[in-house]
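Here the structure of chain B is known, so what remains is to put chains E, G and F in place on it, guided by the hints.
Chains as they are written, first to last, in UniProt numbering: chain B, 1 to 293; chain E, 1 to 293; chain G, 1 to 293; chain F, 1 to 293.
The hints are simulated quantities; they were obtained by calculation from the structure and are not laboratory data. Hints are supplied without guarantee of correctness; some may be wrong.
Which stretches of chain F does chain E cover? Using the computed rule of at least three CB atoms under 8 Å from a CB of chain E, they are [unchecked claim]:
(1) 110-120
(2) 242-253
In silico negatives: residues of chain B with every beta carbon more than 10 Å from chain E [as the list claims (entries may be wrong)]:
(3) 164
(4) 205
(5) 227
Here the structure is a predicted model, which is why all the values come from computation and not from measurement. All residues carry an ideal CB built from backbone N, CA and C; glycine is no exception.
Protein chains: 4
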Amino acid sequence: MDDSAELPDNWGRWGEDDERGTLNLITDEVRERAAREVRTGRAVSLAVPVRPAPVLSGPFAPTTTTDASPVQQLMVYAGSPATATADVLLVTTHHPEMTHLDALSHQVQGDQVYPGEPLARSVTPAGVRHGSTTAFAEGIVTRGVLLDLAVDGPVPADHSVTPEDLEAAEKRQGVLVESGDALIARFGWVQTRYRGNPMPGMSVAAARWMHERGVSLYGGDLADSHPSLEPDLPSAMHRVALPRMGLPLIDAVDADELAAVCAELGRYRFLLSVAPPRVHGLTGVPVNPVAIF
Amino acid sequence: MDDSAELPDNWGRWGEDDERGTLNLITDEVRERAAREVRTGRAVSLAVPVRPAPVLSGPFAPTTTTDASPVQQLMVYAGSPATATADVLLVTTHHPEMTHLDALSHQVQGDQVYPGEPLARSVTPAGVRHGSTTAFAEGIVTRGVLLDLAVDGPVPADHSVTPEDLEAAEKRQGVLVESGDALIARFGWVQTRYRGNPMPGMSVAAARWMHERGVSLYGGDLADSHPSLEPDLPSAMHRVALPRMGLPLIDAVDADELAAVCAELGRYRFLLSVAPPRVHGLTGVPVNPVAIF
Amino acid sequence: MDDSAELPDNWGRWGEDDERGTLNLITDEVRERAAREVRTGRAVSLAVPVRPAPVLSGPFAPTTTTDASPVQQLMVYAGSPATATADVLLVTTHHPEMTHLDALSHQVQGDQVYPGEPLARSVTPAGVRHGSTTAFAEGIVTRGVLLDLAVDGPVPADHSVTPEDLEAAEKRQGVLVESGDALIARFGWVQTRYRGNPMPGMSVAAARWMHERGVSLYGGDLADSHPSLEPDLPSAMHRVALPRMGLPLIDAVDADELAAVCAELGRYRFLLSVAPPRVHGLTGVPVNPVAIF
Amino acid sequence: MDDSAELPDNWGRWGEDDERGTLNLITDEVRERAAREVRTGRAVSLAVPVRPAPVLSGPFAPTTTTDASPVQQLMVYAGSPATATADVLLVTTHHPEMTHLDALSHQVQGDQVYPGEPLARSVTPAGVRHGSTTAFAEGIVTRGVLLDLAVDGPVPADHSVTPEDLEAAEKRQGVLVESGDALIARFGWVQTRYRGNPMPGMSVAAARWMHERGVSLYGGDLADSHPSLEPDLPSAMHRVALPRMGLPLIDAVDADELAAVCAELGRYRFLLSVAPPRVHGLTGVPVNPVAIF
Numbered sequence: 001m002d003d004s005a006e007l008p009d010n011w012g013r014w015g016e017d018d019e020r021g022t023l024n025l026i027t028d029e030v031r032e033r034a035a036r037e038v039r040t041g042r043a044v045s046l047a048v049p050v051r052p053a054p055v056l057s058g059p060f061a062p063t064t065t066t067d068a069s070p071v072q073q074l075m076v077y078a079g080s081p082a083t084a085t086a087d088v089l090l091v092t093t094h095h096p097e098m099t100h101l102d103a104l105s106h107q108v109q110g111d112q113v114y115p116g117e118p119l120a121r122s123v124t125p126a127g128v129r130h131g132s133t134t135a136f137a138e139g140i141v142t143r144g145v146l147l148d149l150a151v152d153g154p155v156p157a158d159h160s161v162t163p164e165d166l167e168a169a170e171k172r173q174g175v176l177v178e179s180g181d182a183l184i185a186r187f188g189w190v191q192t193r194y195r196g197n198p199m200p201g202m203s204v205a206a207a208r209w210m211h212e213r214g215v216s217l218y219g220g221d222l223a224d225s226h227p228s229l230e231p232d233l234p235s236a237m238h239r240v241a242l243p244r245m246g247l248p249l250i251d252a253v254d255a256d257e258l259a260a261v262c263a264e265l266g267r268y269r270f271l272l273s274v275a276p277p278r279v280h281g282l283t284g285v286p287v288n289p290v291a292i293f
Numbered sequence: 001m002d003d004s005a006e007l008p009d010n011w012g013r014w015g016e017d018d019e020r021g022t023l024n025l026i027t028d029e030v031r032e033r034a035a036r037e038v039r040t041g042r043a044v045s046l047a048v049p050v051r052p053a054p055v056l057s058g059p060f061a062p063t064t065t066t067d068a069s070p071v072q073q074l075m076v077y078a079g080s081p082a083t084a085t086a087d088v089l090l091v092t093t094h095h096p097e098m099t100h101l102d103a104l105s106h107q108v109q110g111d112q113v114y115p116g117e118p119l120a121r122s123v124t125p126a127g128v129r130h131g132s133t134t135a136f137a138e139g140i141v142t143r144g145v146l147l148d149l150a151v152d153g154p155v156p157a158d159h160s161v162t163p164e165d166l167e168a169a170e171k172r173q174g175v176l177v178e179s180g181d182a183l184i185a186r187f188g189w190v191q192t193r194y195r196g197n198p199m200p201g202m203s204v205a206a207a208r209w210m211h212e213r214g215v216s217l218y219g220g221d222l223a224d225s226h227p228s229l230e231p232d233l234p235s236a237m238h239r240v241a242l243p244r245m246g247l248p249l250i251d252a253v254d255a256d257e258l259a260a261v262c263a264e265l266g267r268y269r270f271l272l273s274v275a276p277p278r279v280h281g282l283t284g285v286p287v288n289p290v291a292i293f
Numbered sequence: 001m002d003d004s005a006e007l008p009d010n011w012g013r014w015g016e017d018d019e020r021g022t023l024n025l026i027t028d029e030v031r032e033r034a035a036r037e038v039r040t041g042r043a044v045s046l047a048v049p050v051r052p053a054p055v056l057s058g059p060f061a062p063t064t065t066t067d068a069s070p071v072q073q074l075m076v077y078a079g080s081p082a083t084a085t086a087d088v089l090l091v092t093t094h095h096p097e098m099t100h101l102d103a104l105s106h107q108v109q110g111d112q113v114y115p116g117e118p119l120a121r122s123v124t125p126a127g128v129r130h131g132s133t134t135a136f137a138e139g140i141v142t143r144g145v146l147l148d149l150a151v152d153g154p155v156p157a158d159h160s161v162t163p164e165d166l167e168a169a170e171k172r173q174g175v176l177v178e179s180g181d182a183l184i185a186r187f188g189w190v191q192t193r194y195r196g197n198p199m200p201g202m203s204v205a206a207a208r209w210m211h212e213r214g215v216s217l218y219g220g221d222l223a224d225s226h227p228s229l230e231p232d233l234p235s236a237m238h239r240v241a242l243p244r245m246g247l248p249l250i251d252a253v254d255a256d257e258l259a260a261v262c263a264e265l266g267r268y269r270f271l272l273s274v275a276p277p278r279v280h281g282l283t284g285v286p287v288n289p290v291a292i293f
Numbered sequence: 001m002d003d004s005a006e007l008p009d010n011w012g013r014w015g016e017d018d019e020r021g022t023l024n025l026i027t028d029e030v031r032e033r034a035a036r037e038v039r040t041g042r043a044v045s046l047a048v049p050v051r052p053a054p055v056l057s058g059p060f061a062p063t064t065t066t067d068a069s070p071v072q073q074l075m076v077y078a079g080s081p082a083t084a085t086a087d088v089l090l091v092t093t094h095h096p097e098m099t100h101l102d103a104l105s106h107q108v109q110g111d112q113v114y115p116g117e118p119l120a121r122s123v124t125p126a127g128v129r130h131g132s133t134t135a136f137a138e139g140i141v142t143r144g145v146l147l148d149l150a151v152d153g154p155v156p157a158d159h160s161v162t163p164e165d166l167e168a169a170e171k172r173q174g175v176l177v178e179s180g181d182a183l184i185a186r187f188g189w190v191q192t193r194y195r196g197n198p199m200p201g202m203s204v205a206a207a208r209w210m211h212e213r214g215v216s217l218y219g220g221d222l223a224d225s226h227p228s229l230e231p232d233l234p235s236a237m238h239r240v241a242l243p244r245m246g247l248p249l250i251d252a253v254d255a256d257e258l259a260a261v262c263a264e265l266g267r268y269r270f271l272l273s274v275a276p277p278r279v280h281g282l283t284g285v286p287v288n289p290v291a292i293f
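Chain B on its own, in the form it takes in the complex (with noise of 0.2 Å):
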């Protein structure tokens, strides 16, 4: 039952060059679903606050300490006076604290990526050929879902969530995760997570619900328990749900204003807006996703 063959997997079933995995089930049809949520116009975005922290220190710049960032920064001279502004950024795109979109490229499996391409001609020291953020290039338009485990405060650090716990929101909320739908999980985690501290996360049992409920994309404040409860199955969503069912994930998501916004207005599903700058070839790409009522 723990064998690798009985992993739920992918690979091949959109062909052998496939690029966008699950985000080939976003149909017209998921997408006109999607369209139906949108009646007011308003907007929460599922993204957490980027501070960055200055490059330079000493005399120029008086912080001469620094959190590493996800996001450092350069003011750039443009003469002198100045007439106008400008930066330069240093982004570490996989950062835990920032919300971000991984490619399929991010997890190697043994030496090959999604759907089985050889690692050595996927990513290379001067990019990535193959899996990368290209895919995610126009933008992802679909329908959202949250599924909010956290009602009752935070799950808890040795809960591995199981189908059951997702089933048991859908039916709280009145809602039900179909074909091309993005889903959005919320922990209750964002305020504590990040540190090194053990946390909860989704069981191989959850990722292979999602990929029998044909989830597109999945967005949390969690993903994978740290460290493992399930020491005997590789990491759901990481090591499972990316390379195998070549699902995208974005990491650490904020979904509380989400929550808090769902639960007033009673509705639980949205028109869900992923896009990420326009950049070619990388293994993770910084997002903003933002839910449309």
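Structure of chains E, G and F alone, referenced to chain B:
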């Protein structure tokens, strides 16, 4: 008439500490107007694709010559053999070949930035304190209107776009730019621009027209003529609209596909979602604006 | 007496286009004098060790908090499994905790840099055209003289070093600073400096003494007092010596081991080799000065 | 004979934790020998000049196309109007057009680095723990010997340099490479190298000769042939000398001026000072080696 006292100006209109400028014009009513445009969920990106250049050259990255790309990419060592891949990016925010959103502090008026804040207090070597991308943190959702100025071919390099041009496009397309709308202008220059060659642009009168109509956000494949077609006046978009009117600008928009879709659908209005990475304190930020029909 | 007309000044002394300043004082005769000091080949570094901080954090680089190091390091992906390792560095040239050599254009006098060049022509957003590190390209070899001002403990924070202090050190050590020599000053502050605390420094009279003696290069664990002990005068080393006298400065020297070796050998003169990476067009550059006995 | 067991090897010679490799051969006696070569203080740089490329392009930095320079420079905003200027550098340590010193961990042998340290323990995503530039912290001072292999023109691209070639140069110049000496080799390729074209290099037999002679440091305008002239053997300098013998390499040396000065003086020996910025934990570092006569 050319006197700067006559230039359109919003300093003080939304308070002395305002950081949102004309984004203040996007009311609930405007967003609802935007929502009404969403019917099928079809989405079009307005961003120019960026192909990053590798920072590294030599034996580990065979490409040894590069254009100065807006984004430089470093593939990161994550252990050997690699079980994951990652990268770090160096991003030039105001690069003319990358679609980006200018913050209000990007242009300096004397020694002040919008709306009269001293430059030294607003923009420091350690980052921007006032009028930065923080104003875009939650994403911008409003109604977008395309005015296609290039139906008969690219706007000529020696033509300064007038209010009459804009109103002719409105008439031709059967639309009206109203208060709170984002204006997307197509000059037909996506293929030829950005090489130091002469380019057309908006006139100061056109900026005044935007002021009177209540445009909340401007995006175009071009903005200001180069060299200036109105040498006695400040540049319409970057020296009048941005710093005086507080009108955020999206530079380097690609509206070609948008124009084709609008023509196909016979609809020049859409919901526009502009959600750059949620990074505070910048003078500008890459963005992938999405038009949703 | 405080009048700036009275400040020591070398503008024009070596021509209007000069980029070497007091390095012009290093003649063949001076180098021969330096050569005579070399007897055993024993070498002492005058550089502070820099421990780089990783740019990357998160799962691939466990350190998540860092000081703002002068050097940030990115380990580079060079294939999997790795047959070689490589890195890319981000270097803050004027970081107060890294030994570095200031170019003559580093300080601006009104809107000019040494020796009267307009700032706009010398320093551009694309690099430095005049008075840059190009002047150090071939390395600097001259005689060095240590003046140890801290034999009885660190120079007090409220003391402005005078010509009398310098001559007392000469007398104590049995040396004479002559034209073309590099002056290495030890304040005894290597352990305590660089944290915003009050620090001693050179007086303007001491800078004038260096001018009269013909010092070609200055290096010290400190240079200017902070806050200024001579509030009515410009800072002696960074606002007088560097931009007016054209005297290159090595900031953040560690002279502790040098002082110990000099005392052990009873010799306070040596050949000094100052050879920063041969990078043109910078305002400053890291360096590892070496005293050879 | 080609068997790797026969390749020259210093693993374990200076202990299992050694990080200095053949630098251990530089004894007090060797340094004294070096000191005896210093007579006039005349100094020659062995570094290739690097012209940095601006990171920024667009309106603030008119140069829009650049080669992939080893050093990218960002001019930093330090207030307006500027009273000082500063920059931040992005440095590619192993760039083939920049003179740099390879650390012993730069090349991997199986999954080990010199002298048998597991790669995973030595080189981490957060920096190098063993065999890094820390070994060069205090600077390297030793006797240098130039062997000019190009007196009759550049070494042909299809020639693998043999021990006989090295000894012919010794004889021609009247010098002998002795234990602890730095060997500087001139192929006459400074003007033509580094463009992917075929290049000559050292043979494995030449590396063995260096091993037998006790060379402590190698610098050359070339090192290994490309493509390999000994396809059945590992590359002499980067796969044998560096990782097996623990011989640090200076890549991309410019020895043209040095050869001219040696010929003029009739002296091919000198004190060599190699003092890279004192940055710990790197795989390589830019350096400006200086020959002092």
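Structure-based check of all given hints:
| no. | hint | in the structure |
| --- | --- | --- |
| 1 | 110-120 | holds (count 3) |
| 2 | 242-253 | violated (count 0) |
| 3 | 164 | holds (30 Å) |
| 4 | 205 | holds (23 Å) |
| 5 | 227 | holds (16 Å) |
Figure legend: structure checked against the earlier numbered hints; the only hint not met is number 2.
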